[in-house]
Every structure is written in C-alpha cells, then in structure tokens.
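J.: Going line by line, the protein sequences match chains D and F.
Heads up, the first sequence is in the working numbering, so the first residue is 1 and it goes up one at a time.
Heads up, the second sequence is in the working numbering, so the first residue is 1 and it goes up one at a time.
Be a bit skeptical, because a hint or two may be false.
Dumping the calculated PhoX-like pairs for lysine-lysine here, alpha-carbon to alpha-carbon at most 25 Å [as the list claims (entries may be wrong)]: (1) F/Lys-230 / D/Lys-17; (2) F/Lys-230 / F/Lys-350; (3) D/Lys-126 / F/Lys-421; (4) F/Lys-421 / D/Lys-17.
Per the computed footprint, the stretches of chain D lying under chain F, defined by three or more beta-carbons under 8 Å from a beta-carbon of chain F, are [unchecked claim]: (5) 4 to 11; (6) 20 to 34; (7) 54 to 67; (8) 116 to 130.
Hints in this document: simulated from the structure, not taken from any laboratory.
Quick reminder that beta carbons are idealized off the backbone N, C-alpha and C, glycines included.
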Amino acid sequence: MGDLRELYQEVIFDHYKRPRNFHKLEGADCRCADGHNPLCGDRITVYLKLNDGLIGDVSFEGAGCAISTASASLMTEVLKGKTTEDAERMFQGFHTMVTQPDPEMHPELGKLEVLAGVREFPARVKCATLCWHTLSAALHKQSSVTTE
Amino acid sequence: MNTVVDARKITVVTECAECPVSPMNPAHWRADFPILKERVHGKQLIYLDNGATTQKPDVVINTEADYYRHYNSNIHRGVHALSQKATEAFEDARVKVQHFLNARHAEEIVFVRGTTEAINLVAQSYGRPRFQPGDEIIVSEMEHHANIVPWQMLCQQTGAVLKVVPINDDGEFLFEDYLRLLGPRTKMVAVVHVSNALGSINPVREIVRAAHAQGVPVLLDGAQAVSHMKVNVQELDCDFYAFSGHKLYGPTGIGVLYGKQALLEAMPPYQGGGDMIRTVTFEKTEYNVLPYKFEAGTANIAGSIALGTAIDYVTEIGFDPIAQHEHDLLSYVTSEVKSMPGLRLIGTAKNKAGILSFVMDGAHPHDIGTILDHQGIAVRAGHHCAMPVMQHYGVPATVRASLALYNSRDDVDALVSGLHKVKELFG
Numbered sequence: 001m002g003d004l005r006e007l008y009q010e011v012i013f014d015h016y017k018r019p020r021n022f023h024k025l026e027g028a029d030c031r032c033a034d035g036h037n038p039l040c041g042d043r044i045t046v047y048l049k050l051n052d053g054l055i056g057d058v059s060f061e062g063a064g065c066a067i068s069t070a071s072a073s074l075m076t077e078v079l080k081g082k083t084t085e086d087a088e089r090m091f092q093g094f095h096t097m098v099t100q101p102d103p104e105m106h107p108e109l110g111k112l113e114v115l116a117g118v119r120e121f122p123a124r125v126k127c128a129t130l131c132w133h134t135l136s137a138a139l140h141k142q143s144s145v146t147t148e
Numbered sequence: 001m002n003t004v005v006d007a008r009k010i011t012v013v014t015e016c017a018e019c020p021v022s023p024m025n026p027a028h029w030r031a032d033f034p035i036l037k038e039r040v041h042g043k044q045l046i047y048l049d050n051g052a053t054t055q056k057p058d059v060v061i062n063t064e065a066d067y068y069r070h071y072n073s074n075i076h077r078g079v080h081a082l083s084q085k086a087t088e089a090f091e092d093a094r095v096k097v098q099h100f101l102n103a104r105h106a107e108e109i110v111f112v113r114g115t116t117e118a119i120n121l122v123a124q125s126y127g128r129p130r131f132q133p134g135d136e137i138i139v140s141e142m143e144h145h146a147n148i149v150p151w152q153m154l155c156q157q158t159g160a161v162l163k164v165v166p167i168n169d170d171g172e173f174l175f176e177d178y179l180r181l182l183g184p185r186t187k188m189v190a191v192v193h194v195s196n197a198l199g200s201i202n203p204v205r206e207i208v209r210a211a212h213a214q215g216v217p218v219l220l221d222g223a224q225a226v227s228h229m230k231v232n233v234q235e236l237d238c239d240f241y242a243f244s245g246h247k248l249y250g251p252t253g254i255g256v257l258y259g260k261q262a263l264l265e266a267m268p269p270y271q272g273g274g275d276m277i278r279t280v281t282f283e284k285t286e287y288n289v290l291p292y293k294f295e296a297g298t299a300n301i302a303g304s305i306a307l308g309t310a311i312d313y314v315t316e317i318g319f320d321p322i323a324q325h326e327h328d329l330l331s332y333v334t335s336e337v338k339s340m341p342g343l344r345l346i347g348t349a350k351n352k353a354g355i356l357s358f359v360m361d362g363a364h365p366h367d368i369g370t371i372l373d374h375q376g377i378a379v380r381a382g383h384h385c386a387m388p389v390m391q392h393y394g395v396p397a398t399v400r401a402s403l404a405l406y407n408s409r410d411d412v413d414a415l416v417s418g419l420h421k422v423k424e425l426f427g
C-alpha cells in the first residue's frame, strides 16, 4: 500500500477545501447528470455547456470525500475548451491511470496526474472516477449514473 | 495449568501460575482469536468493525474444520455412521440456540442464512398470505435496510402500508409516536433490538407489550444485540426474533429465525425442495413438521454446528462480564473522542451497546476510514445500510467503531491517535 501523502497531496487538499467551478450552470443549452456512489454516500452533479462539439463550460456540485471532490474540481479545470472526443479519451486515460499498475501516462492528463496515487488504494478508485462517470453520462444525455 | 474440558468446546483456564489473570480477563479472551495477531499495512491489526462481522475464536474455526475433516456428510437421510453423527451435531446446535434464546421448544429454531433471510421468510410466509390493502406494518426510522426492504416488497405485493416510528436526535425510539401509530390496521411490528448505526438499545419488552395489547405480532431484529446481551425470547414475549451467526463470533452464512410455535405452524413453507417435505407425488406434496418445513435443501451444516460452538464460547464467558467490559470500553472511547474539537457523535442514546458512530468537520468518513486503515485500524465508513438514519442526521455517511469482547483500551487509544492523525492531515 502506498504512502498516505502520495494519496493526499497538497493539491488534492487545496481542491477539496476550495473546489473550482463548484456551482450550478443554468440555461437551455445546459446538460447535467447526477452521479451517486451508494457505498460511501458521495453525490455529485456535473453541468456541461457544449458549443459545436466543444466543452464551453463545465461545473459541478455535490458532497463527497477529499478524493472525489478534488477529482471533480480538477476535471472541470482540464476539460474547458476540449472536444467531447477529447473528454472521452481523457476519461479512458484517467481510468487507466488510477486502475493499472505502472500505466503509460496519457499526455493530455496534465495536472490530473496528482491523482495517480489512488491506484495504490483500490477502495478509493470509485471516489476518483465518480465525476468522470457522471461527465460521461451527461455527454451521453443520461440523467444519472451509479457506481458501486 | 490449562484444563481442556471439551476439545469441541472451549479451553477453560482453571489456574495459571505464571499470570494472575482470571478467565474473566479480556486479555485471555483476546488470545482466543487468532486473526488478532495479523498485521495490516505493516501495523498490528486493530479490529473495530465488529458491527459488520465479529472475528472467530479458535474453537469455532476448529469446529468447522473438524466437521469437514472427520464427519462431513449430509443430514437427516443417511443410515451410515457419518450421517448420523452430522445429524446429531446439527440438531445439538439447534438445542444450543434454543437454550441461548430460552425458546420453549427446539422446533421454534429455524436455521437460515442470516438475519436478512429470517426477516424475508416472515414477510413472505407470515405476511403475504394474510395482509390486505390498507393493512399497516410498523418499523422504526433506525432500521437496517434488511428490516425495511422485505416489508416494502410485501407492501408492493399486498397493498399494505409501511408506517415509520421516528427517532429523536439522540437516536432514541419515540415511544409515544409508536403508541399513536399502533392501531386497528396494524398487522405487524418489526423493530431492531440494537441499532447497527447508532448503538441505541430499544425498549423491546415495552414495544412487544404495547403491540400485543392490540393483538399485533412483533418481529425483533437481533443482529446487533445477541453478542452484547442475554436475550430471552420468552421474557421478551416477541413473536419472531432474528439474528446472524457471524455477528456472534460464529461463521458467515448461518443465522436463526426464532418463531412462536403456533405462528410457525400456521405459516406455509418459504421455499420448496428437499428436507422440507414428508411425501411427494405429482398430485400432492405433504410438508414436513417444524422446523424442517422452513429448511428446504441441504443446510449450512458446518456453519450451524460451529454456531453452536460460538454460543458455547460466549455462554462460557457469560454475558455479565462481556457486557461489563464492553460498557466500560464504550464509556472510555466516548469520553476520549467527545472532547476532540470538530467531532460530532451520531447516536447518543442513554441506553447504548457497543457502537460509536461519528463525523468530523472537514474530513469525510471515507477519508477517515482510509487514514485509519493505513494504521491497521479497521472501522466502517459509510451509511451502514441505514440510509434513513443518515438522512435524519443530514450526513451522507459516518465513521463507525464497533466493539467486541476482545477489544481493549489499547485499541481505543490507537483509534484516538489515528483520529489525531486525521486532524493533522486534514487540518
């Protein structure tokens, strides 16, 4: 098992205590989806505004642990201006990063790499990926997703 | 000198020249549980997740192994020696459960997979043929999902309605509200004896008495009660009592439904199959007598016999010393954590057993669980299958430390220092 500091890096605490893009998005062109991890009670709503296949704006709301909140906050920061295809690819890359041993780092992940320590804590993978599953649901116009 | 009284029972220490420890000393009990010597993440295991499942003493582990090594065979059907021995041990276990609960008859003890199956059995076999649209089933706000969902399913099937007795902010059953809910439409009361999320001990004797005054039967969910206190079903006068072996130092996959004979007699079988029949033709099947009518298919034979051993084990120690020890520990851990800034206890009933549920400012229960785990401390972080309780307190989850007879003040001290580590990390 990895070191606790590998998991709880300063960047993660920073995003947990002061989550970015932590608000609702409204408007007819806005999509949203709810994510729920019934195991730990984490709930998240991801809001998305698309302009011609580009993610114009993305935000989230919800209550969760440090890992799920920081992961969602970081996700919203890296997604702005990306295409929906980019977003799907980054989801795959992120998923690989937190589940596979010694994965090849996806070059697009950037600052999301601070969450790589999660792979040493299998019980926490669902926390880190909840926001991405929820984003994917919003992209595919599903209203909710559950991870267990 | 250690005197082995019965290899399948428990080692009773009659005197010990080297150590002045009496058999009533928890340190001796601890030595009976081999898993407690394990190390987790390089640290000594501190097991405080007993509400989820308790660890097993050597005698229980050996009983299971003995069965498989020496007399594994099917019961109630063989003429050969092994089958007869297995049948005898299996039925002995039933008698042990009968005495453990002080049931009037051994036939009132039905072996099931666990508390959940016992409650489902009562809902489907007692409730389903009887309940009509508009009939009411009373549960409390502090129930485990296992004592909510089977009744909700029954409501969908019959048109019956679920009524919920609220709790106060200490996590106590509101008796006056219960009395108001009890009425001519009430057909069943199903209440937890000890809450798994809060530790509250419910006034079950009074709950039963009030229901019986209206002619309503009562099921008690004893999953969290049986390891902490003596349960006497005749004194409680409950109609059904359910518990799981694995929360009583026994194996998983074995549990008990106690039901009053007259009620069980009048109920149709829950599942069909072998062992629960007397004769079968394609025209007509005649069901077996109690308790076999409710035990279709090959039972968890090893589990039942080992549950009998677990009962021997706790009976040998006695519930007075167990309850005294756990009560002291609960008071100690409560006073230690209560003073921690930002920590809020969830469940502060006056009458509590073995469970400390809490939340901390600025740190989510799941993060606390990970940090404690890293120090070898096993607690539960989550909603404890009691989401309505979480809703009552407005929290998504809690951290739950739950005690057993082998826990010590050292375990509590480790928990407290682990929580300081959480504060250090989360600021």
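J.: Work down the list of hints and note, for each, if the structure agrees.
T.: Here is what the structure says about each hint:
1. F/Lys-230 / D/Lys-17: violated, 47 Å
2. F/Lys-230 / F/Lys-350: Within the cut-off at roughly 19 Å; holds.
3. D/Lys-126 / F/Lys-421: holds, 24 Å
4. F/Lys-421 / D/Lys-17: holds, 18 Å
5. 4 to 11: holds (count 3)
6. 20 to 34: Result for this restraint: violated, n = 0.
7. 54 to 67: holds (count 5)
8. 116 to 130: Contact hint for the segment 116 to 130 of chain D vs chain F: holds, 4 residues under 8 Å.
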